[in-house]
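**Student:** Residues per chain, in single letters:
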Amino acid sequence: GAGVSQSPSNKVTEKGKDVELRCDPISGHTALYWYRQSLGQGLEFLIYFQGNSAPDKSGLPSDRFSAERTGGSVSTLTIQRTQQEDSAVYLCASSSAKGTHVDNEQFFGPGTRLTVL
Amino acid sequence: DQQVKQNSPSLSVQEGRISILNCDYTNSMFDYFLWYKKYPAEGPTFLISISSIKDKNEDGRFTVFLNKSAKHLSLHIVPSQPGDSAVYFCAASSYYKLTFGKGTLLTVNP
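Sequences listed follow chains S and P, in order. Counting from 1, one number per residue, gives the positions in the first sequence under my numbering. Counting from 1, one number per residue, gives the positions in the second sequence under my numbering.
To be clear, the hints were calculated from the coordinates, so they are not data collected in a lab. Glycine included, each C-beta is placed from N, C-alpha and C at the ideal position. Check before you lean on any hint, since a few could be wrong.
Calculated from the model, a selection of chain S residues having no Cβ within reach of chain P, i.e. all distances over 10 Å [stated by the list, open to error]:
1) P8
2) K11
3) V12
4) K15
5) V19
6) R22
7) S62
8) R69
9) S73
10) Q83
11) A88
Facing chain P, from chain S, some residues (calculated, C-beta under 10 Å) [to be verified]:
12) G3
13) Q37
14) G40
15) L43
16) Q50
17) R113
Take these sequences, add in the hints, and give me the full structure.
**Tutor:** Rendered as structure tokens:
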């Protein structure tokens with residue numbers, strides 16, 4: 001069975017440009033998370049989707065960041081007018097989220113390394 | 001304010017010896033704790049977890065200990081193997097959210 005996939009694996013962009021990062025979760029997983037790992041830092045929660053519920057956007061660092069999840073599956077994280085401090089590895093994770101902590105185990109994709117010049 | 005802290009950025013041990021990775025947390029609402037392992041250019045993978053109602057969980061060479069009164073947990077790897085060399089992240093859960101520490105780079109020398 002396929003795991004979580006993300007594309008592109010690497011993205012280099014110029015300051016001020018918009019970027020879109022894609023995440024394909026494990027089939028059947030209803031919960032999807034985006035995290036960011038900046039150099040020397042831990043994983044920083046960005047946003048959480050669960051089924052048809054309103055997403056938890058509390059971790060998005062600014063209004064330049066947005067994410068959507070179409071059809072309850074694929075998710076896109078968009079960063080508008082990128083800044084150099086946006087450079088990081090962006091990780092996506094999914095879980096079956098059936099209620100118990102064991103079912104909430106998150107499976108991570110390989111990440112997208114974003115470099116803003 | 002960091003709610004999950006891994007104060008050792010790196011640890012080096014000899015093959016066959018014990019590796020002990022430490023983690024401290026501040027939020028009493030955390031009720032589940034996890035360790036993830038990360039190799040370069042890969043996403044983190046789940047290693048072992050422990051519920052806040054327990055003080056020890058063992059899985060093969062990996063044991064996690066939880067001291068709730070001290071808000072401290074540790075991961076023991078015995079015996080350590082070169083393939084264990086990776087970054088280890090401690091994470092704490094409150095419902096669906098995971099809060100991660102900054103990670104500890106473990107190097108196991110042959």
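**Student:** So which of the earlier hints does this model not fit?
**Tutor:** none
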